[in-house]
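Numbering-wise (the working numbering), the sequence shown opens with residue 309 and increments by one.
No wet-lab data here; the hints were simulated from the structure. Since the model is a prediction, treat every value here as computed from it, not as a measurement. Check each hint, because a few of them may be wrong.
Stated by the list, open to error - In silico EDC-like cross-links for lysine to aspartate or glutamate, where the CA-CA straight-line distance does not exceed 20 Å:
no., residue 1, residue 2
1, K357, E440
2, K550, E630
3, K624, E560
4, K345, D356
5, K550, E590
6, K550, E536
7, K345, E386
8, K624, E603
9, K357, D318
10, K550, D652
11, K624, D652
12, K550, E571
13, K668, D607
14, K550, E392
15, K668, E603
16, K550, E560
17, K601, E630
18, K550, E603
19, K550, D318
20, K550, D391
21, K601, D652
22, K357, D443
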Amino acid sequence: MPGGTALSIDGELCVNLRGRTLSCRACATLCVSSALKLSEDAVTLNADKCTDCGACLPACPTGVFSMQGFSPSHFLHELNSHDEVHIHCSANTDKTEGISIPCLHLLDARLAATAFAAGTRIFHLPGLDHCEQCDKGNAIHHIITTQNRLTQWFGIDSAPQMIIPTALLAEQKGEHQQHEKQSPQISRRQFLQRAGLRVVASVNLCSTPAEADDTLRSQHGFNHINIEHQRPVAYQSLLAEKLTELPWVANEIPWYGRAINHECNACLACGQRCPTGALQVEHNDAGRGISFKTELCTDCGLCTQLCPMDAIRRYKVTDITEVIAPRSALMYRYHSTCPHCAGDFLPQAEDEELCSTCQKEQALESEWLGLAQQ
């Protein structure tokens with residue numbers, strides 16, 4: 309691989325570049341080797357430092373990163389809906405059965421939930437024995453957090469189980485509670501209650517063919533990127549496909565919606581720059597607007613950051629039907645002709661007859677007339 313790393317970067321999707329401010333550091337915060345450098349102009353990878361742990365893949369809300377040798381969809385295919393699976397990391401040399409992935413950091417709650425919907429209920433993770441000494445970083449906290457999230461979504465009795473070796477769980481439990489005070493904790497008994505079920509009898513390498521890597525380092529300035537480039541995030545889209553097949557706890561669907569109020573000035577920046585395509589520009593001869601498809605939204609926050617009118621509202625989605633609903637219009641403005649200047653404009657309200665320039669001129673004339681009459 310170029311630069312000695314399996315990681316690829318599509319920097320055009322980064323919220324920092326699109327928003328022109330360093331508002332997200334999710335990937336760099338998790339990078340144990342400090343291989344990622346972020347700015348308003350680039351996502352830069354030091355390939356010599358990168359350990360190919362892949363923690364940045366599920367952490368990034370906009371899908372900036374991909375990795376040769378791992379694909380979320382291919383991983384699910386390899387699980388093959390087995391009730392119980394063994395998942396090994398690349399550092400684990402005892403791979404007598406199960407599936408191998410580069411690092412357990414790649415397994416997040418969305419991916420585990422999607423596998424759960426397909427039939428997988430028990431995840432044995434023997435590779436965790438190597439975590440504390442591994443140069444890819446310690447994934448134990450990440451796995452405990454993932455189990456906590458699954459329990460939050462589906463409840464203790466229904467959630468799939470991450471089987472952590474008992475000794476490791478005992479060592480890590482106290483330290484993890486300091487970092488996750490507000491997350492529901494899973495007891496050792498709950499982790500191990502179904503450990504006697506059957507296992508998958510064959511080993512498979514969860515890998516995909518190499519793809520062209522022209523985005524290893526995204527070092528182009530803002531003026532050189534395509535800010536209208538959009539792509540769904542795989543982790544999110546795969547879960548959305550299985551949304552109706554899962555036993556969600558009430559109000560725990562991990563999606564947020566968007567609404568646009570009358571303050572919107574139809575600048576269309578939110579739809580133009582949305583990385584995932586959740587927000588899109590609708591433009592034709594009659595007018596222009598913004599449409600929204602909930603299932604594509606990863607709640608990256610870029611739209612609310614960009615809006616100059618503070619017109620976008622974020623809200624928690626509680627109904628599955630809203631997530632899987634077709635794309636719908638959040639805002640649409642019809643073209644109108646100003647009777648004063650004959651110019652084309654987009655009224656913000658139905659009773660708005662003059663363009664904003666003529667409105668200001670009219671207000672100024674009224675003000676001067678009022679002063680003259682005093």
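Do the hints match the structure? See the list:
Restraint check: the Cα-Cα separation between K357 and E440 comes to about 19 Å, which is no more than 20 Å; the hinted pair holds. For the hint pairing K550 with E630, the CA-to-CA distance comes to about 14 Å; that is within 20 Å, so the pair holds. Between K624 and E560, the direct Cα distance comes to roughly 9 Å. Compliance with the 20 Å bound is thereby established for this hinted pair. A distance of roughly 13 Å separates the Cα atoms of K345 and D356; the hinted pair therefore holds under the 20 Å criterion.
The suggested pairing of K550 with E590 is violated, with an alpha-carbon distance near 28 Å, which exceeds 20 Å. In summary, the hint linking K550 to E536 is not supported, as the alpha carbons are separated by about 28 Å, beyond the 20 Å threshold. This hinted pair does not check out: K345 and E386 have alpha carbons roughly 34 Å apart, beyond 20 Å. Between K624 and E603, the direct Cα distance comes to roughly 13 Å. Compliance with the 20 Å bound is thereby established for this hinted pair.
Simply put, K357 and D318 have alpha-carbon atoms about 19 Å apart, close enough for the 20 Å limit, and the pair holds. A distance of roughly 46 Å separates the Cα atoms of K550 and D652; the hinted pair therefore is violated under the 20 Å criterion. Pair hint K624 plus D652 does not hold up; C-alpha atoms about 37 Å apart against a cutoff of 20 Å. About 36 Å separates the Cα atoms of K550 and E571, which puts this hinted pair outside 20 Å; it is violated.
Restraint check for K668 and D607: not satisfied, since their Cα atoms lie roughly 37 Å apart, outside the 20 Å limit. Restraint check for K550 and E392: the C-alpha separation of about 19 Å stays at or below 20 Å, so the hint holds. Taken as a hint, the K668 and E603 pair is broken in the structure, with Cα atoms around 41 Å apart against an allowance of 20 Å. A hinted pair counts as satisfied when its Cα atoms are at most 20 Å apart, and K550 with E560 qualifies at roughly 15 Å.
For the given pair, K601 sits about 9 Å from E630 by alpha-carbon distance, which is consistent with the 20 Å threshold. Straight-line distance between C-alpha atoms of K550 and E603 comes to about 11 Å, which keeps the hinted pair within the 20 Å bound. Taking the CA atoms of K550 and D318, the gap is about 27 Å. The hint is violated against a cut of 20 Å. For the given pair, K550 sits about 17 Å from D391 by alpha-carbon distance, which is consistent with the 20 Å threshold.
A threshold of 20 Å between alpha carbons decides the hint, and for K601 with D652 the separation of about 29 Å lies outside it, so the pair is violated. For a cut-off of 20 Å, the pair hint linking K357 to D443 stands: about 10 Å separates their Cα positions.
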